[in-house]
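Q: Starting from the structure of chain A, add chain B where the hints point.
There are 2 protein chains.
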Amino acid sequence: MADQPSKEQVYFLGVDGGGTKCRAVLVGANQAVLGTGEGGPSNPYHGVARAMESISNAIQHALKDAGLAPEDTHRLVVGLGLAGVNVPSVFKTVEQWDFPYLATYLTTDLHIACIGAHESADGAVMVAGTGSCGFAHVNGESLIVGAHGFPCGDKGSGAWLGLSAVQAVLLADDTLGPSTILTELICEQLQARNGIMIVERLSGAKQSDYARLAPLVFHAAQSGDAVATAILKEGAEYLDNVARKLWARNPGRMAMIGGVAHKMTEWMDADLVTRLSAPLQQPEYGAVLFAQNAYAQQQRTAKEA
Amino acid sequence: MADQPSKEQVYFLGVDGGGTKCRAVLVGANQAVLGTGEGGPSNPYHGVARAMESISNAIQHALKDAGLAPEDTHRLVVGLGLAGVNVPSVFKTVEQWDFPYLATYLTTDLHIACIGAHESADGAVMVAGTGSCGFAHVNGESLIVGAHGFPCGDKGSGAWLGLSAVQAVLLADDTLGPSTILTELICEQLQARNGIMIVERLSGAKQSDYARLAPLVFHAAQSGDAVATAILKEGAEYLDNVARKLWARNPGRMAMIGGVAHKMTEWMDADLVTRLSAPLQQPEYGAVLFAQNAYAQQQRTAKEA
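Line order of the protein sequences matches chains A and B. When we follow our numbering, the leftmost residue of the first sequence carries the number 1, and every step to the right adds one. When we follow our numbering, the leftmost residue of the second sequence carries the number 1, and every step to the right adds one.
Extracted from the complex, chain A is given alone in its bound form (with noise of 0.2 Å):
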């Protein structure tokens, strides 16, 4: 009966949770992956209760992909690793949230990136998704360099390749700046005629709405397009800089990951690029073992007591 599901059997669950998206992970004792489960926008810092939503939608999509039943939701010790967390007021927020689970632990979405690139070892992450950022974690302390978020910060990241392709566009319906293909693309995604049906189309757009523009960016640029070019170099030339600064750091370790990390390793220094490792693991599997880890560390600390 050993294998059978006692009443104080745990499953561990991962939460990757970024500007567009988050993805839950859910395994067994034997590290098996039993369900997965995806949800919508989850950086808490553009609204905690959208979030929150979203990344249950996940936990309950992943608990229902492995069988399991919505009361078993209490038997979850959650990992969860969330874009705009690294913000003190917004963690602080997050943490005081009345989750349902057994046991939650919270931290970046950096901060398990690294865990799960690198196994738990040291190393460095570059994230160039809807948002962009760096994080080192060696010798037991973290840099973090960017992650300021849309619109003050995330060069070179999917939405900031979105906005400035508009700003581009704008300008040049106004004549004020150079031609390009872009106005073409731009318009076709949006369903737009001009500048101002433009402007229409994005009142009230979000983080992830530019970034939804950011693969016509990469489009022109292959056709040649020196507006999209100039904007493509001008991402890649800030997350060279964030590269190096990492690597300042002695990481041993450096992966790249997110939504347009693949694409803008091509507009980067080719030296940087060469160095940069392949995830050993994927960010919700680095928030499983951030929960693992957690957890074991509390249950010790119990023991002790």
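Since the hints were made in silico from the structure, they are not lab data.
The list makes no distinction among identical chains, and a pair is therefore deemed to hold if it is satisfied within one copy or across any two copies.
Straight-line C-alpha distance at most 27 Å; calculated DSS-like pairs for lysine-lysine:
no., residue 1, residue 2
1, 263, 233
2, 206, 92
3, 233, 245
These numbers come from a predicted model, not from an experiment.
A: Chain B alone, transformed into the frame defined by chain A:
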């Protein structure tokens, strides 16, 4: 008894609504100003309900200031000149708002600024306030340059200056950009000790919040700060280009208005600045002229029918 208000007497009221605040002016039959009022942010592109509330507040203040009663609301013929209604769908939404006034006529803040600046004659206006844009009205034809809103457009505006400064300070915080006295100034104003606290303070920041940081950029540049100087030069170059585009329409006169207009002229092309004329009337008074003209036209049409 000719001077006593008859039951049919109407009052004309003009509103100039922008990203940070709105101003209302109420005039009597002889064009004399009877009262004025102010309200909060009133760019409906950034939220229709909030803008309508700000406008209603400004109008009620003007009514009170004029010694009129709240029930005189229905005797008002209102001209609304609002930022953001150059976006067709925003115009439509505001136009369909259930206003309690005798008559309400809607147009852009640019249009009423131009009417005011040149007392209904042909001319052009440049706006550098919370947002930025240009407008020319010549021989019955209008041209709008910019007016794309924050963060997609509005170069050289207060909000753009503030955001650009924050971006530079956050780069410097990661030692990825030149160190600048803007850091000290922005940290002081936002009561932040470092980059991530700046991000925290600006959580959910709006166009008007960034615009409040603009004076710091002028202040830093005056002290010789290279980063602030570069920001101001880039913004001024854009405004120069807008001015040239407007002059190409031969507007005869051009005025420049808005919260950062005066300061920005110090960074603009001197040849363009010397050609600027002082506005003859304030935009809210332009809104009165707009309302009077529209109302008279409607009365004529009604008589003819």
